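Enquirer: What follows is each chain in one-letter form.
Protein chains: 2
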Amino acid sequence: MAQATTSKEIVILEEESVTLPQGFTAGGLHCGLKRKRLDLGYIVSEVPATAAGVYTTNLFQAAPLLVTQESIAKENKIQAVIVNSANANACTGEQGMKDAYEIQHNFAGELGVEDHLVAVTSTGVIGELLPMEKVNNGIKQILNKENEDVNNFLQAILTTDLAVKQIGVQMNIDGKTVSIGGAAKGSGMIHPNMATMLGFVTTDANIAHEDLSAALKEITNETFNMITVDGDTSTNDMVVVMANGLAGNNQLTKDHPDWELFKSGLKIVSEALAKKIARDGEGATKLIEVKVDGAFSKDAARAVGKSIISSNLVKTAIYGTDANWGRIITAIGYSGVPIEPYAIKVSLGSIPVFENGLPTPFNEEEAKQYLEQENVQILVELNQGDDCATAWGCDLTYDYVKINASYRT
Amino acid sequence: MAQATTSKEIVILEEESVTLPQGFTAGGLHCGLKRKRLDLGYIVSEVPATAAGVYTTNLFQAAPLLVTQESIAKENKIQAVIVNSANANACTGEQGMKDAYEIQHNFAGELGVEDHLVAVTSTGVIGELLPMEKVNNGIKQILNKENEDVNNFLQAILTTDLAVKQIGVQMNIDGKTVSIGGAAKGSGMIHPNMATMLGFVTTDANIAHEDLSAALKEITNETFNMITVDGDTSTNDMVVVMANGLAGNNQLTKDHPDWELFKSGLKIVSEALAKKIARDGEGATKLIEVKVDGAFSKDAARAVGKSIISSNLVKTAIYGTDANWGRIITAIGYSGVPIEPYAIKVSLGSIPVFENGLPTPFNEEEAKQYLEQENVQILVELNQGDDCATAWGCDLTYDYVKINASYRT
Numbered sequence: 001m002a003q004a005t006t007s008k009e010i011v012i013l014e015e016e017s018v019t020l021p022q023g024f025t026a027g028g029l030h031c032g033l034k035r036k037r038l039d040l041g042y043i044v045s046e047v048p049a050t051a052a053g054v055y056t057t058n059l060f061q062a063a064p065l066l067v068t069q070e071s072i073a074k075e076n077k078i079q080a081v082i083v084n085s086a087n088a089n090a091c092t093g094e095q096g097m098k099d100a101y102e103i104q105h106n107f108a109g110e111l112g113v114e115d116h117l118v119a120v121t122s123t124g125v126i127g128e129l130l131p132m133e134k135v136n137n138g139i140k141q142i143l144n145k146e147n148e149d150v151n152n153f154l155q156a157i158l159t160t161d162l163a164v165k166q167i168g169v170q171m172n173i174d175g176k177t178v179s180i181g182g183a184a185k186g187s188g189m190i191h192p193n194m195a196t197m198l199g200f201v202t203t204d205a206n207i208a209h210e211d212l213s214a215a216l217k218e219i220t221n222e223t224f225n226m227i228t229v230d231g232d233t234s235t236n237d238m239v240v241v242m243a244n245g246l247a248g249n250n251q252l253t254k255d256h257p258d259w260e261l262f263k264s265g266l267k268i269v270s271e272a273l274a275k276k277i278a279r280d281g282e283g284a285t286k287l288i289e290v291k292v293d294g295a296f297s298k299d300a301a302r303a304v305g306k307s308i309i310s311s312n313l314v315k316t317a318i319y320g321t322d323a324n325w326g327r328i329i330t331a332i333g334y335s336g337v338p339i340e341p342y343a344i345k346v347s348l349g350s351i352p353v354f355e356n357g358l359p360t361p362f363n364e365e366e367a368k369q370y371l372e373q374e375n376v377q378i379l380v381e382l383n384q385g386d387d388c389a390t391a392w393g394c395d396l397t398y399d400y401v402k403i404n405a406s407y408r409t
Numbered sequence: 001m002a003q004a005t006t007s008k009e010i011v012i013l014e015e016e017s018v019t020l021p022q023g024f025t026a027g028g029l030h031c032g033l034k035r036k037r038l039d040l041g042y043i044v045s046e047v048p049a050t051a052a053g054v055y056t057t058n059l060f061q062a063a064p065l066l067v068t069q070e071s072i073a074k075e076n077k078i079q080a081v082i083v084n085s086a087n088a089n090a091c092t093g094e095q096g097m098k099d100a101y102e103i104q105h106n107f108a109g110e111l112g113v114e115d116h117l118v119a120v121t122s123t124g125v126i127g128e129l130l131p132m133e134k135v136n137n138g139i140k141q142i143l144n145k146e147n148e149d150v151n152n153f154l155q156a157i158l159t160t161d162l163a164v165k166q167i168g169v170q171m172n173i174d175g176k177t178v179s180i181g182g183a184a185k186g187s188g189m190i191h192p193n194m195a196t197m198l199g200f201v202t203t204d205a206n207i208a209h210e211d212l213s214a215a216l217k218e219i220t221n222e223t224f225n226m227i228t229v230d231g232d233t234s235t236n237d238m239v240v241v242m243a244n245g246l247a248g249n250n251q252l253t254k255d256h257p258d259w260e261l262f263k264s265g266l267k268i269v270s271e272a273l274a275k276k277i278a279r280d281g282e283g284a285t286k287l288i289e290v291k292v293d294g295a296f297s298k299d300a301a302r303a304v305g306k307s308i309i310s311s312n313l314v315k316t317a318i319y320g321t322d323a324n325w326g327r328i329i330t331a332i333g334y335s336g337v338p339i340e341p342y343a344i345k346v347s348l349g350s351i352p353v354f355e356n357g358l359p360t361p362f363n364e365e366e367a368k369q370y371l372e373q374e375n376v377q378i379l380v381e382l383n384q385g386d387d388c389a390t391a392w393g394c395d396l397t398y399d400y401v402k403i404n405a406s407y408r409t
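Those protein sequence lines, which keep their order, are chains Z and G. The first sequence begins at 1 in the working numbering and counts up by one. The second sequence begins at 1 in the working numbering and counts up by one.
Hints were generated in silico from the structure; no laboratory data involved. Since the model is a prediction, treat every value here as computed from it, not as a measurement. Do not rely on the hints blindly, as some may be mistaken.
[Claimed, not checked] Interface residues of chain G toward chain Z, partial, derived using beta-carbon atoms under 7 angstroms:
hint: 1; residue: 55
hint: 2; residue: 58
hint: 3; residue: 91
hint: 4; residue: 127
hint: 5; residue: 313
hint: 6; residue: 316
hint: 7; residue: 319
hint: 8; residue: 329
hint: 9; residue: 339
hint: 10; residue: 357
hint: 11; residue: 358
hint: 12; residue: 361
hint: 13; residue: 398
hint: 14; residue: 406
All C-beta atoms in this analysis are idealised placements derived from N, C-alpha and C, irrespective of residue type, glycine included.
Just chain Z, with the same shape it has in the complex (with noise of 0.2 angstroms):
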């Protein structure tokens, strides 16, 4: 499984997830949310791992990301985490709080630990009790072996996702191979601010919990944080990482000379999966990329490349395959940000559109052959300084209106 890394080398695995790095096994079972689906999942490190998270900012925050927060406050530690799809558990009052801590109880029972240390995630139909019935039958049989693959867990946490999201990378640190893997959910309610999604993340690095902390976050806000399918922020998505130690390497902190390269790998592992999450868009074609260059600062960047990402118009336009770069301009002059209309300059991939407040000639032909890609991309120069973003999204189609006419019922 373990390919050879050699230093300062990230290895990139497609085909792998949370169960590359050493310690950790994950699985999952059919307990009757979905009709036939995969509904609850787990992963479990063999060790207590240290834990950092990130959760939406809705106010509307769902039970068990309540109770998560609280369980990783106590010691900055979990050793497992337990979802389940179909219902989110949110909206749901002191009952939902209760089930949530029930989950957790029980879950921590089967695995003999103390509840703490136990992770509860929840995504789905918001404001219906959870039939704790079924959810409690589980948990008791979700630990039997037959249930322990990791498929099954990258499948028990869908919803409308269309595929599975994962991702692993190595590289070697102190003479170890370090590995990190990822997993992830969300085609919808995805937008900027920890939207409806869930992403999981382990490692065996052995690191410090204020830098993981701190490193989840900053990465966070260039990955997971810019992307958006729907502009809907949710009330229970977030992203947790849990680094279990194993890889026997010295204890990473913003010192340690690797620092960075654990930074890039954890980096490449939340980039992948959001980009994941963008393409799988509720009825989306096509991944759609906004780079923003030469903005005055970061803030700025992210604002005019999520102000484009964000636009029905940009998302239809570019579902036509329509070079419509009006509709682009416009976005970035409704973004928020003081650009200077005179200074920009708009490519799709490597055509340019617009430049100096004036449209370019180009060929309406070849720009459709562009757009017709499933991998598209937006270049916009703001021509005003130094700082960059990218923002992922996807097109807007007949599939999304159809998916979310009829979602709930």
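Got chain Z sorted already, so can you dock chain G onto it with the hints?
Expert: Leaving out everything else, chain G in the frame of chain Z:
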């Protein structure tokens, strides 16, 4: 035409428009910007009219907006508006400015008035130069008697609109009948902050410029700026009001006893046009009204209302007649307003669906029937204060995608 009005009453005339007030004429013709439909229109007042305008907040303001703002600023008066559809004259650089001035100059010449008394407006595709020969030919003929018909004007300003948008009101002030008439266009690229729409309001009231201007700003914030179709704020749009004083009332100012009456009339006109634009949103089948009450400030109420009305997930759920209140709650939660989750009540029409942080049991079939109406109301009670706001929008449908995946080409 003019029904008698009694004191303090406002008579609403659904079939009237910008020529209801005394001394205004309007017309339009086909000059060749569209294939067949009318594309050049005008409003003219017999005498110079006190004028005020509100303009897009998009940083890429189109050439005609710049010319119009500069012209109105000269003496706060205009006597005419010339408008073309199908081409926005936006992102057209120096040539675009030259073209806008040329249109202004040529139409002023036909009228025999000074250039700065003509407002110029455009709507349509961004980034293409106007075919000035066609426009200039149109201007030469547009004042011919056979083109003078307010219905021609109403048609000439449309782009993807399916319906003309007009309204008139009359009231008695100082023993005189004062009329206000309105017309608007807009169905896409519509979002608060003077998004892609043009609004034209005429009145024969005698009114002081600064008070007219203040009233327009205040009322625009409660009407035109509270609608959204797709969240995109365009480069071109504006509302302009012309008051020619021919009603003969004593000059209206804030101190006039009927100031509030006049403002009510102006608000009725603005709100009616705003709602007509929202209802005619690209692909829309329903008008959605979001009423937010009990906010701690007007801004908070507006932010919550706009967050809900802008949510693609709420819009698709209502298209699918799905009482998916979880999406409404989610949109409230990410509005940026520090709401109290456990204080909130949400109703669909008269059907409560969420109260005190929990879903309220309701009859799904009854809710579905309610959502099948053409006019749907979402009521949100924040229970934090006394301020309220209303926002309007439309559902998100297959046809929205269809229209916008192929608009330009």
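Enquirer: Each of the hints needs a verdict: does it hold here or not?
Expert: Results of checking the hints against the structure:
1. 55: violated, 13 angstroms
2. 58: holds, 4 angstroms
3. 91: holds, 6 angstroms
4. 127: Interface hint status for residue 127 of chain G: holds (4 angstroms vs cutoff 7 angstroms).
5. 313: holds, 5 angstroms
6. 316: holds, 4 angstroms
7. 319: Status holds, d = 5 angstroms.
8. 329: holds, 6 angstroms
9. 339: holds, 6 angstroms
10. 357: OK, holds: residue 357 of chain G within 7 angstroms of chain Z, min 5 angstroms.
11. 358: holds, 5 angstroms
12. 361: violated, 11 angstroms
13. 398: holds, 5 angstroms
14. 406: For residue 406 of chain G, the interface hint holds, since the closest Cβ of chain Z sits about 5 angstroms away, which is under 7 angstroms.
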